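**Q** So you can see what is in the structure, the chains are spelled out below.
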Amino acid sequence: MDILESIGSGLASIWSHKLRSALTLFGIIVGVAAVVAMTSFVGGIAGRIWEDFDKLGLDNVLFVANMRPMNPEGYAYLKASKGLSFEDTEILRAEVDEILGITPVVADYRVVRAGSEARRAEIFAATPDGFFLLKFILGQGRFLSDLDVENNARVAVLGEIVKEDLFGEADAVGENILIGDEHFHVVGVLRQKDFSDMFGGGGNEQREEHERVYIPITAGMHYISGTKRIAYFAVRLKKDADLATGYDKIHNTLLREHRQIEDFQIENVAEEILQARQQVQEIVNTWNGILSTIATVSLLVGGIGLLSVLIISVNERLREIGIRKAVGAENRAVFQQFLIESVTISVFGGLVGVGVGVGLTKLMSFGAQAMGQDIVIPVSGGGILLGLSFAIIVGVVFGLYPAIKASKLDPIEAISKHA
Amino acid sequence: MLIRTENLTKSYDLGAVEVRALRGVTLGIEEGEYVAIMGPSGSGKSTLMHIIGCLDTPSTGRYVLNGAEVSELKGRALARVRNKEIGFVFQNFNLLPRVDLVANVSLPLVYHGGIARGARREQAVKALEAVGLTHRLKHRPNELSGGERQRASIARALVNEPSILLADEPTGNLDQKTGREIMAILDELSKEGKTVIVVTHDSNVAAHARRIVEIEDGVIAREGRA
Ligand SMILES: Nc1ncnc2c1ncn2[C@@H]1O[C@H](COP(=O)(O)OP(=O)(O)OP(=O)(O)O)[C@@H](O)[C@H]1O
Ligand SMILES: [Mg+2]
Numbered sequence: 001m002d003i004l005e006s007i008g009s010g011l012a013s014i015w016s017h018k019l020r021s022a023l024t025l026f027g028i029i030v031g032v033a034a035v036v037a038m039t040s041f042v043g044g045i046a047g048r049i050w051e052d053f054d055k056l057g058l059d060n061v062l063f064v065a066n067m068r069p070m071n072p073e074g075y076a077y078l079k080a081s082k083g084l085s086f087e088d089t090e091i092l093r094a095e096v097d098e099i100l101g102i103t104p105v106v107a108d109y110r111v112v113r114a115g116s117e118a119r120r121a122e123i124f125a126a127t128p129d130g131f132f133l134l135k136f137i138l139g140q141g142r143f144l145s146d147l148d149v150e151n152n153a154r155v156a157v158l159g160e161i162v163k164e165d166l167f168g169e170a171d172a173v174g175e176n177i178l179i180g181d182e183h184f185h186v187v188g189v190l191r192q193k194d195f196s197d198m199f200g201g202g203g204n205e206q207r208e209e210h211e212r213v214y215i216p217i218t219a220g221m222h223y224i225s226g227t228k229r230i231a232y233f234a235v236r237l238k239k240d241a242d243l244a245t246g247y248d249k250i251h252n253t254l255l256r257e258h259r260q261i262e263d264f265q266i267e268n269v270a271e272e273i274l275q276a277r278q279q280v281q282e283i284v285n286t287w288n289g290i291l292s293t294i295a296t297v298s299l300l301v302g303g304i305g306l307l308s309v310l311i312i313s314v315n316e317r318l319r320e321i322g323i324r325k326a327v328g329a330e331n332r333a334v335f336q337q338f339l340i341e342s343v344t345i346s347v348f349g350g351l352v353g354v355g356v357g358v359g360l361t362k363l364m365s366f367g368a369q370a371m372g373q374d375i376v377i378p379v380s381g382g383g384i385l386l387g388l389s390f391a392i393i394v395g396v397v398f399g400l401y402p403a404i405k406a407s408k409l410d411p412i413e414a415i416s417k418h419a
Numbered sequence: 420m421l422i423r424t425e426n427l428t429k430s431y432d433l434g435a436v437e438v439r440a441l442r443g444v445t446l447g448i449e450e451g452e453y454v455a456i457m458g459p460s461g462s463g464k465s466t467l468m469h470i471i472g473c474l475d476t477p478s479t480g481r482y483v484l485n486g487a488e489v490s491e492l493k494g495r496a497l498a499r500v501r502n503k504e505i506g507f508v509f510q511n512f513n514l515l516p517r518v519d520l521v522a523n524v525s526l527p528l529v530y531h532g533g534i535a536r537g538a539r540r541e542q543a544v545k546a547l548e549a550v551g552l553t554h555r556l557k558h559r560p561n562e563l564s565g566g567e568r569q570r571a572s573i574a575r576a577l578v579n580e581p582s583i584l585l586a587d588e589p590t591g592n593l594d595q596k597t598g599r600e601i602m603a604i605l606d607e608l609s610k611e612g613k614t615v616i617v618v619t620h621d622s623n624v625a626a627h628a629r630r631i632v633e634i635e636d637g638v639i640a641r642e643g644r645a
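Here the protein sequences line up with chains L and V, keeping their order. 400 is the number that our numbering gives to position 400 of the first sequence; each next residue is one higher, with no gaps. Just add 419 to wherever you are in the second sequence, counting from 1, and you've got our numbering.
Some clues are possibly wrong.
Said to hold, decoys possible - Stretch-level coverage of chain V by chain L, calculated; a stretch enters the list once three of its residues show a Cβ under 8 angstroms from a Cβ in chain L:
1. 478-487
2. 594-607
3. 636-643
What the hints assert, rightly or not - Which residues of chain V face chain L? A few of them, derived with a C-beta cut under 10 angstroms, are:
4. Ser490
5. Gly494
6. Arg495
7. Phe507
8. Phe509
9. Asn511
10. Tyr530
11. Lys557
12. Asn561
13. Ala576
14. Ser582
Think of the hints as simulated: they come from the structure by calculation, not from any bench. Just so we're clear, the structure is a prediction, and the values are computed from it rather than from any experiment. By construction, the Cβ of each residue, glycine as well, lies at the ideal position given by its N, Cα and C atoms.
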């Protein structure tokens, strides 16, 4: 009995008992379809949310801002500290291993002009670190460079909205603009990221970023704020760094540099993002739990159905088993035949289940789009594999007992039991 | 001695009653013998044949086949004996109803191992030709007459070229002419040197054998030359 014949025999047994097979396969089909559809759904939605989190670019980010002490004696100390400075960022970069990137920021509002067009915009002065740190995407030209910072260069990178307001469709790179009364040379333009609808298309955060004009920190201090005081630092810690340790080190280093005067405050955005991610993860876990429960229950039901059908099948085919053994079939061969039949039936159910699951997934995408959500739920390859593995496991586990039962029969016992 | 049984018994426990199909059968058969087993219905002929064919196990007693204690043969060795040493023609044919004659006759070759599908087919067709069923290869058993089924089951018993042929009432359901054709096949096999044991009610059939064993009520009642 070779494998192909056993598979054929399994398919024939599905075909010759259509109603019974349909009832048996129902559980397996539902189980596998549930696995495929739910894995795709959870994976698709969660994947989209994780992507948005990544685009948001605030993982591991801390902001350090100037703070005026609340109490009078603190206020008295204020003179003793210089506040956040450009040098602080260099010291932090050198001393705190956890830091991946850090930029000082000076920001103020100015009127920006290009030709006859003008608008108010936030002038955001930072170092090149700021761009990768805040995960900006370059549309045209280039970002600011370390050389720009060193040279107090009057160069600017425009947010996409500012660019459109000032230049419309025309090229901005290479053009000159006026920030307040100062001439700047446009070297680059940012491009907006597309967020999913779940994040409200990126919302105000994103709008803010693109209503800015980015210039080197040195030019900012020189031409915009006119002081050496820095408004805040944006810091990104390394991916695998411990958030709390990084936070403490930054805090302690700054305290030391500021003569133990706490004239700054650290906004732990990283922690907030982490918590938000954890909340999403919890929801995903809940969904996964529901998914596994549905899958387990229906596969169990399917498996028990399969078991009873196989036992009936063994009893119906006692004569066949007896004949096979009478002409020299080993126990192993009979066992193998019935097990392969069992797996064939369950895999058949699994394949139908995958089809149904893929259909359901497409339906969900369709439904979401009908409700105006710009979401395509991709069919999860992992889900298909998982579903089919479940089907195979069900076939093996629940086929085992009937197969053993069939293989242990004596030839004449089997033949005459039938009669 | 090829086949030796000592005091074989076989009982069936049917709850209230115990049916004793064999009550102590001691029998020896040499290689190449042509033996007929006769006896009234229910006397235990089929039961004895099944045990000799290693298809059933006795309740008590010994059975030595070709020097080997059959009760000590493990599943795999037993399967080999059934597959290669013995060809069994059942009283009620026992063909697989769902497949055609070629597939039915190929079955022992499937479990022989190591024979490719094409070669199995070829050998099965040859065996069917030998019993005169060339024109029925694609038929299923229920599309055949009793005689044709009988011949198909002989073809299956012979396809692996066993040295022992056990035939349980091979002419039981047949008219005289067909019966004679079947017996001619058995005679031929005996002439080739195979050990042939045939169960029959019919003394004309038994006359083909060289030795007759008569069973009554689960024991050997008489034995003699044909
Ligand atoms: N599986 C079984 N369960 C119970 N009793 C059985 C079983 N098989 C056979 N018997 C009984 O054993 C006895 C011998 O049966 P067996 O089939 O060997 O007779 P037989 O000589 O071949 O008869 P026939 O000539 O009618 O074929 C009978 O009484 C029968 O009813
Ligand atoms: Mg009989």
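**Q** State for each hint whether it applies.
**A** Tested hints:
no.	hint	verdict
1	478-487	violated (count 0)
2	594-607	violated (count 0)
3	636-643	violated (count 0)
4	Ser490	13 angstroms, violated
5	Gly494	5 angstroms, holds
6	Arg495	6 angstroms, holds
7	Phe507	6 angstroms, holds
8	Phe509	8 angstroms, holds
9	Asn511	8 angstroms, holds
10	Tyr530	4 angstroms, holds
11	Lys557	17 angstroms, violated
12	Asn561	14 angstroms, violated
13	Ala576	9 angstroms, holds
14	Ser582	14 angstroms, violated
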